[in-house]
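Peer 1: Below, each chain spelled out in residue letters.
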Amino acid sequence: GESVGLHLPTLSVQEGDNSIINCAYSNSASDYFIWYKQESGKGPQFIIDIRSNMDKRQGQRVTVLLNKTVKHLSLQIAATQPGDSAVYFCAENLEGGGFKTIFGAGTRLFVKA
Amino acid sequence: DAEITQSPRHKITETGRQVTLACHQTWNHNNMFWYRQDLGHGLRLIHYSYGVHDTNKGEVSDGYSVSRSNTEDLPLTLESAASSQTSVYFCASSAGWGSEGYEQYFGPGTRLTVT
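Top line first, the protein sequences correspond to chains F and A. One point on numbering: in the numbering used here, the residue at position 5 of the first sequence is 818, and numbering is uninterrupted. One point on numbering: in the numbering used here, the residue at position 87 of the second sequence is 448, and numbering is uninterrupted.
Accuracy of the hints is not assured; some may be wrong.
List time: in silico DSS-like cross-link candidates among lysine-lysine, alpha-carbon distance up to 25 Å [as the list claims (entries may be wrong)]: (1) A:Lys372 to A:Lys418; (2) F:Lys913 to A:Lys418; (3) A:Lys372 to F:Lys855; (4) F:Lys869 to F:Lys855.
It is worth saying that the hints were derived from the structure and are not from the lab.
Could you build all of it, start to finish, from the sequences and the hints given here?
Peer 2: So this is what it looks like as structure tokens:
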């Protein structure tokens, strides 16, 4: 069935370095993708989104890349800071699936000072 | 400021008891969702609603029910709590129109332990 997953369950980076979190999705009909950040003890928080008619979208220190050919999504965080330490989820919305969102299992990002 | 709240934040109950978790949003959002989060499973959808009096089952709806009598609230009821329902529960809401309808705003979560 359809699924959203992540290549790496944990990622450890040095403060100031760039981070790249990867995600694979299986449904080529998905038309909208979102990255969420979840800090310890809190609910997930929206970071950035991208529609399937785009390849790249930039926000503040974050960039999302979408490669529809290989059904791959990535989140790049520039100049990673200690406050970026969290679990990151990619999520997809399926065409014709209403407003339901399917979440991946998550990647934990550790930022070393 | 608009927000989404959940209560209680922590709950311990016994097997077989009925439990209701509250969710209240002041975003005036049409869509509301309940998820459970367990290690190794990420967020799994329990029930969702696209408006007042509308409710739909998600992928793990067995043993849970919801009702939507107004825009602001979507309480989640565990009819007869089981140990397998020990989890962290998140409520979320989204606007429900256009691409903005997909962005979900999450509550702080309720940690439920069934003994």
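Peer 1: Could you run down the list of hints and mark each one as holding or not?
Peer 2: Now for the hints, and whether the structure bears them out:
no.	hint	verdict
1	A:Lys372 to A:Lys418	holds (24 Å)
2	F:Lys913 to A:Lys418	holds (11 Å)
3	A:Lys372 to F:Lys855	holds (16 Å)
4	F:Lys869 to F:Lys855	violated (28 Å)
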